[in-house]
Amino acid sequence: MMKKLSIHLNISAFLLFTVVLVFPTSCKKDLLDQKPTGELASENFWKTDADATIALMSAYAATRAVFDRDYYFDGHGDFTRTRGTSATSGSILRGDAYQGATYAPSGYGASFDKYFSYLYGAVNRCNYVIENITNKMLPSASGAKLAALESIIAEARLLRGMTYFRLISMWGDVPYIDKIIYSNSEVTSIERTNIKIVKDAILADFDYAVAKLPAKNPVLGRASKPAALAFRGKLNLFWGSWKKNGWPELEGFNQDQAEAQASFTASAADFKSVINDFGLTLYKNGDPGQIDSLGRAEILPNYFELFTPKANGNSEMIMVFTHSGTPTTPSQGEELMRDFSGRTVEGSQVWVLPYFELADRYQLITTGDFAPKMVPLNPTTNSAARTTVNSAVNPKSYANRDYRMKSTLMWDYEMCIGLTALKSTGFSPYIYKTWAANVTIGGIKYISYNTDGALHGYVFRKFVRNYEGLGRSEGDYAFPVMRLADVFLMYAEASNEVSGPLPDAIAGVNKVRARGALPPLAPSKYASKSAFFDAIEQERIVELVAEGHRGFDLRRWRAIERVWGPPGGVGVWKKDTWGADITRYYLNASDLVYQQAYIFRIPPNERDRNPKLTQNIPWR
Amino acid sequence: MIIFFNKNYLYIEQLLFEILFFYIFEKQVFNFGNKPKRLLKIKIMKIHHFLLGLIILFFPIQSLLSQNLTIKGKVTDINNEVLIGVTVNIKGTTLGTVTDENGLYSISGMSSSDILVFSYVGFLTQEVLIGTQTAINLILEADVQNLSEVVVVGYGTQKKVNLVGAVSQLSVDEKIVSRALPNVSSALSGLVPGLQAVQSSGMAGNNDASLLIRGLGTVNNASPLIVVDGMPDVDINRLNINDIETISVLKDATSASVYGSRAANGVILITTRSGKGAKKTTLNFTSNNSIIVPTKGIDFMEDYARALHVQQQRTAVNTLQGNQLFKLGTVDEWMAKSMIDPLKFPDTDIWDVILRQGLYSNYNLSASGGNEGTNFFVSLGGKDERGLQINNDYSQYNARFNFDGKIKNNMNTGFRFNGNWSKWRYALSEGFTDPDPGNTAGNDLQYAIAGLVPFDPKTGYYGGVMAYGEDPQAYNPYAPYTLSPSQNNRQEANIQAYYDWSPIKGLKARVDYALNYYNQFSWSAPIPAQAYNFQTETFGSRTYVGANAGISNSTSTGFKTLLNGSLNYNTKIGKNNDFSALFVYNEEYWYARSQGSGRNDRLHPSLTEINAALTDIQSTSGTSSTEGLQSYIGKVNYSAFNKYLFEVNFRVDGSSKFLDSSRFGFFPSMAFGWKFTEEKFIQKFTNKFLSNGKIRVSYGSLGNNSGVGRFEQQETLTNLNYVTGTSVQRGFANSKMINRLLTWETSTVFNVGMDLAFSGNRLVVTADYYDRLTTGMNRPSEFSTFLFYAYSPPPRTNIGNLRNRGVELDVSWKDMIGSLQYGFNLNAAINKTNLEKWNQLLLRGNIFIGMPYQFVYSYEDLGIAQSWADVYKATPQGAAPGDLLLKDLNGDGRITADDRKAYPNFQQERPTTTFAFNTFFAFKGFDFTVFLQGSAGRKDYWLNIFNNTNFNNARYAASWEHLYNPWSWDNRSGLWPRLGGSGNNRQSTGFWLDNMSYLRVKNIQIGYTLNSKLLTKMGISNFRIVGSAENIGTLTSFRGLDPEKQGDDNNVYPINKSYSIAVNLSF
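In the order they appear, the protein sequences are chains A and B.
Count along the first sequence from 1, add 171, and you get the number used in this note's numbering.
Count along the second sequence from 1, add 22, and you get the number used in this note's numbering.
It cannot be assumed that every hint is accurate.
Unchecked claim - In the DMTMM-like style, the derived pairs of lysine to aspartate or glutamate whose C-alpha atoms are separated by at most 25 Å in a straight line are:
hint : chain 1 : residue 1 : chain 2 : residue 2
1    : B       : K758      : A       : D349
2    : A       : K206      : B       : D354
3    : B       : K758      : A       : E210
4    : B       : K758      : A       : D222
5    : A       : K350      : B       : E804
6    : B       : K758      : A       : D267
7    : A       : K218      : B       : E734
8    : B       : K758      : A       : E214
9    : B       : K859      : A       : D779
10   : A       : K206      : B       : E267
11   : A       : K594      : B       : E631
12   : A       : K783      : B       : D920
13   : A       : K285      : B       : D458
14   : B       : K758      : A       : E357
15   : B       : K923      : A       : D779
16   : A       : K594      : B       : D623
17   : B       : K1039     : B       : D949
18   : A       : K604      : B       : D354
19   : A       : K616      : B       : D623
20   : A       : K604      : B       : E559
21   : A       : K350      : B       : E559
22   : A       : K367      : A       : E430
Keep in mind that the hints were calculated from the coordinates and are not lab data.
The structure displayed is predicted, hence computed values, not measured ones.
Isolated chain A (complex conformation) (with noise of 0.2 Å):
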C-alpha cells in the first residue's frame, strides 16, 4: 500500500514537473509571429502626407535605372562607339537594366530583354504610387495640399510617360499597364496595345504634367513644366517621324502624312513654349568659354563643364537623373568617369570611345564650314606623319576647331588630369598606343595616358571630371535626358518639317553653333528644307555626341542605309587614326539585319509563356 502511495506521489510529481516545463512557452506566444526587423511593414505605409513623397522617390530612383546610362545607346549610332559596359550584373544602381546588351550599330535588337523588363519595372513603380495617392489621399485633400498631392501624380506621370515613350520608340506596340498589379496571373496573357493607343496615354500623361506642374521646381532632380511640355514635343516629333518614314517592321502602321504634319505642328508649339515661356538659358547664356591652347587643358570650354556635376542644376537642363556617389550607402554614383575615360583616370576603362571619324565633324571656328578630312597615318612606320598637314596624329591638325571639339575628344598630345585613390596625379598627355610611358613635353616630365580600350585613336574628355574627390563609380552628376539644346534642334527640325527653315529655328540652331565658337550658318546651310535639316543633323551629331541620341535618330528617319550602305554591300570599316582598319559594320548585310535594327525584338522568353503576346516582323 505505501509503495502504491509513493508511486502515485512520484507519478504527481511527475506530471507537475512536466507542466512547470512546458509552461513558459506560453511567455512565447509570438514565437511563430516573428516581426521583420531590417524591413518596413507595409502596413505602417501610406500614413501620412510625406509618405507620397517617399513612394515617388522609389519611382525616381525606378525610372533613373532605366535612362541614366542612356549614352551607351550611342553605340547605336555612327559616331560612338561603345565597346561594353561597366553595368554589373544584378545591380539596379550599377545599370543592370542596361547590362548584357549589345550597342554595336547592328545586331543589337535581340538583346534589350533586359532592358524592356527593367522599363516595366519603373512603370509599376510609377504605378503604385499614381494609384496608391489617387486612392489613399486625393479623396480627402483640398487647397494646397491637393495641389501638393496632384504635383506628385503629375511627375510619376510624366516618369511613367517618358518609359512607355522609349517603350514605343524600340519595340513599337508594347502592352499598356496603367495599374498595381497584384498577381503574376493578370500579366500572364496581356497583349500589346497598339502603338497608337499606347502614344495618346502617354500624351494624356504628359497632358496632365503640364497642366499640374510646377513652372519651375526648386529641388534638382524633380521635374518641371517644361519637361512635361519638352517630352509631349518629342513623342509629337518621333510620332511625325515615324508617320512621315514610315515604320514597315511594325505591323499595322501604317505611313500617314497628314498625321505626320499634325504631329509636327503640336511638336514645335511645345518646343516653342518650352524656348520662350520659362525664361531658360544655354548654360552660361551660351557662352563658349575660354579654350586652352593645343595640348594645354588648364581652361577648358564652358561646353566642357556642363558636362560635368559643376554644371548641376543650371537651367539648360530641362530633365535629369540625379546621383550622389560617396558617401551614399548603397552609393547611388554614376559611372560616367568609368565608361569614358581611361586607367590614368581612377582606373576607368574606356567602355566608350569616339570613332576616328567624328573628329571631321568639328567644323572651324574660321569658316564656320567642315576643315578638310583628316589623314591617318602611322608614326611608327611614317616619321612625317607627326608634322604632315591634315594628319590626324599632327597636332596642328586640330587647330581653330569648334570649341566642342577640345571638350568632347582627346587627341594625340592631348593632357587631362590624372587621378588615382581620389587624388590628382597631375596633367596627363594622350598618345594613341603609348600607355603610361615617360614622355617629355615642353621639358616637362610626364607619363603618357594608360588605357587599354581607345581601339580608334581617340578618348573621349565629355563627361570625365578633371578634379580630384570622387572615385569612377560614385559620380555626382545630374544625366541630363532633356536639355535645351536638344530642344532648340527638336523645335527647328519640327517647324522645317511644318513650314521650312523659320528664323527662329535658324537662330536656335545659330545659339547652339556658337556656344562652340562657330559662326552662323551660312544662308546656304538653310537654303532649302534638306539643307536645313542637314545642318541640323550635323548639329546634333556634334552637340549631342555621345548622350544616346543619335540611334534613335537614325531609326526614325530611316537613316540606317543612308549610313551603312544599302543591303548586301560593303559596309563601313571603322579606321583608327593609325589608319588601321578596326572594325567593319553592315558587310553584306542581308536585309534582315537592317529590318532587324529598326526594331527590337519582344522577349521571347515571354513569349513562350504568352502566346498572346506577338512578335516584330522581322523577329519572327
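Let chain A serve as the given structure and place chain B on it in line with the hints.
The following block gives chain B in isolation, referenced to the frame of chain A:
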C-alpha cells in the same frame, strides 16, 4: 501525406492539463497493482487526444518484485583472460556496475526475474536471467562486427539489430583522426553509402565538402540537417573531429522524420565523446603534421617571348602584322635580353610565385574519465592550415567539456560546452579568383602574364607591364594576394545542459536547453601599391591598391536557442512485447545581426581598426533577423518476440517563416522490420551460413523550409532611395508579391532494406532501395517579364516534383588468420533523379520533365576541320580549317540551339554513382589501410578561361598547352582548335565534354602500435605512429584540374594531396 493544423489545436499546455485532469479525477482507470493491466480506451477525436493517448497508453507500470539477491562473478574472454571494465547492467534500468581489474563484479538488490546484461566494447553483449543463480561467471565472445552496436538516432539511441530505418553509423576511430582532414565534412567522403561529400577546393578555410544524401533531393537547398548532441544547425566544419564519437546518417523517412520540417534531405547526427563507461581517467594526445602539394595545377608559360608569339599567332587570324599589338622586335628583344636582365625582361613563372608548399598540423589533447556517478570528457585541439596559395592561412582552436552527473539515483544532469575560435586569411573568395561580378579583379588571373616582376625586394616595388604593346592592365597577382588579404575571425560557443528524471522504472522526463552563440569579425586593410615599370623606372600602369586605401570592418553576431522537453517511456508487456514511446516538445529561436563600416584613407599601414582612418569618406551598414520554430515530436517503437519491429514517428513543425494559415506541417512515418533469422522455420535453413537477417520497410514524409527567407512571406516595402540636389531622399517601393498559398516542400520516402550477417558475423551486408518523391518544390516563381524587376525576388511557389530512386550497398568483411587481422568494406550507391512535374514553362535546356535534373545537354561535334573540304561538307557555320565543326543534329541546315543532344544517363553537376573501397590489415602492431573512393555518372565541359583559344589580343597568361595544342597548318594533329578561330570552338560541345568519373586513392595509412611492457610501466597505455597520405592518385579521363571540382570557368584552387605523420598517445 501532409496535414495542416490550425494552431489552435496544438497547445501543449492544454494537453498536459488534460493528462493531469485525467490522473486526478479519473485515476480509478489506472491500475498500478499486480493485477492484469488494463488499457485505457480513448476516443481519438482530435489530434491532441491522440497524442494524449500515446502517452497515457504507456502509463500502466509493471511492478518490481525485489527479492534482494546479490550476484557475483567473473568475466573473461575465450582465452580465459580477465576483462576489466565490462558493464553489468540490470536489463531495463540504468542500474549496474563494472568489472574490476580482476574481472570480478558484484551486484546486489536483485530479484530472480531480473536479467543481467554484460556488455563490453568489441564483444557480443550477453544477457543472463538470474533465476536461482547467485554466481554468474561468463565468457564473452569477441564481436567481430559488433552487432550489439548502439546506433544514435533522433532523440535517442537504438540497437543496430533493431533498427528499422536506413541509418548508417560511423565511429570516429584513430584511423580517421590520423588522416590529414581539414574538417569533418571532407572526412565523410566515401565512408557512408548514399552520402556524397564533394570537395571543390583545397583552399585553407574554404575546403569543406558539400554534403548530399541520396542525390539531389530538391532543386532548392538540398543539404542535410546537421545535429550535434541534439542541437540542430551546427556548423559541421567547426567541430573538432577528435571530439566526435559517432556520426549517424539518417537517410530514410522513419529515421529522419523526427526532424520534420528540415529533414527532407536527410540528417547527420553527431555525438561527441563522453567519459561514460570509463573506469579510470585517460589522457589522450594526437598530432598530425602534413605537407600539402597540389594534385594538379596550371602550366602557365614562364617564357614571355613565346607567350607573345602565341599572342601574335592568335591575332594573325584577323589582324595584319603591321596592326598587331606586338611587334617582332619586341618579341626578339625580350627573348634575348631576358637571359641577362631578369628585372627588366622577366620570364616569371606566375603559378610558382603565387603557390607554395602547404602545411597542415593538428594537435589535440583530451582527457576522459568517470565513475558510477559522474563522467567527463575534456579536450583542447588546435589546427593550423597553411594553404597552397600565398597568404591563405586558416587556424582553428577547439575546446570541449562534456560532463554528466547523477544527482540522485533516478536523476541525472549534464552539460556540454564547445568553444571554437578561428582565424582565416585569404586573398579572394575562391582564393585566386572571385565569382562576384562586382569584384573586377575576380577573374584577372588569366591576365597574369609572364612578362612582369612580381616583386622586387631591392626597391620594394611590385612590377607591372613593360613590353611595348602589352595591355597596361595585365595582372600581377602577387600584389593583391600580398597586399589586400581579407581577414576573418570567428568565435562560437555552444552550451548545452540537460536534466533528466526517472520517477518510475522505464519512464524518463528530460529537459534540454542549448545556446549556440557566434561572433564573427571580418576586416580588410589593404596596403597601397602601384605597378612599377622597371624599364622606364616609373609607376604608371595598373594601380593595385589606391593610395587612399582604407579599412573595412564587419561584425556579425547571433545566437540560437533550443528548448526541449521530452517524456520517454519503455516497458515490456508480457515476455515478448517491448514498447517504447517518446514525446518531445521543442522550441528553437534564431537571432542574427550584422554591422559593417568602412572608411577611406588609413592613417598608417600598421593600423587596422576603423578609428585609424580619416572620416571624410565612410560608410556603414547594419541589420538583423529572427526566426522561430515550434515542434511536437512523437515516436513509438514496438517489438514483438524480438522478431517483429514496428516504429511510428511524427513531427509537427510550426515555422515563423510561413504565414499563419500554412504555418504548421505534419510529417509522419512508419516502419516495419522483420528479423527473419529469428524464425525457427527459417533458421533451420539459414543458420549454417546466415547469422543474422533482417528486412526493413519504411514509409513516411519529410519537410523542407530552408529555402524560404526569414521575412520573405511578410508584406514589407523595399528601400529604394533617390537623391535630390545633394541630399539622399528616402524612398520606399512595393517589391513584394506574396504567395499566400506557399506551403512546405515535402518529400515522401519509401525505403526497403536488408541487413544480413554471414559466417558468424564476419561478413555483414546492408542493402537499401529507396524511392523519394519531393513534391511542391519551393522556388521563386517564374515571373512575367512585365513584373520581374518591379517585384523582385518573385514570390516563392511550390513548383514541381522530383523523384530520386536509388540503391545502396555496404559490404564488410572482417576476420583473422592467426594474428593477421584483416578486413574490407565496399560501399556503393546509385542514384537516379527524375523531374516529374514542373508547373512552369520549361524551355530547351538541361532541366526538363522526365529527365534527370541538370542532365547533360550538349552539341555534338565532328572534330576539328582539317581542310576547306571538311568545312564545305559540314553544315555552314562560319568555320575555317582548324575550327570545330558542330553536327547539325536535326538536319535543318543550320546550327542552332536545337542541335543539342540530351544524355539521360549523365548529369552535369553531380555524379549518379559513388563507390568506395576500404581495406585494412593488422599484424603484430603494424596496420595498413588503403582507401579508394570514386564516382561515375557525371559529364562536364572542360572549358575555362585558362584554356581559352579565343583570348584577347593582349595580356593573356597563356599556358604551354597554348603553344603545343592548338591546331595549325603545321600542327594538324593539334589537340585543340586553332587559336582565334570561330566562336563555336568555345561552345559546350562533345569535344570539350569529359567523363568526370574517377577512382581516387583517397588515403593510405601505415601505422605501428607500440605495445611494450616498458610503455606500460611509463603509464602509457597506447602509442601509435602513422604515416598517412591523402589523395595520392586519381584515375580519370577529365582533362581539367580535378574531377571532383564543380564546373567553374574561373576557380583554379587545386585539390590537396598530402603526406602526414600522425601520433596517437594515451596515458
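Compare the structure with the hints numbered earlier in the document and write down the numbers of the violated ones, lowest to highest. 2, 10, 19, 21
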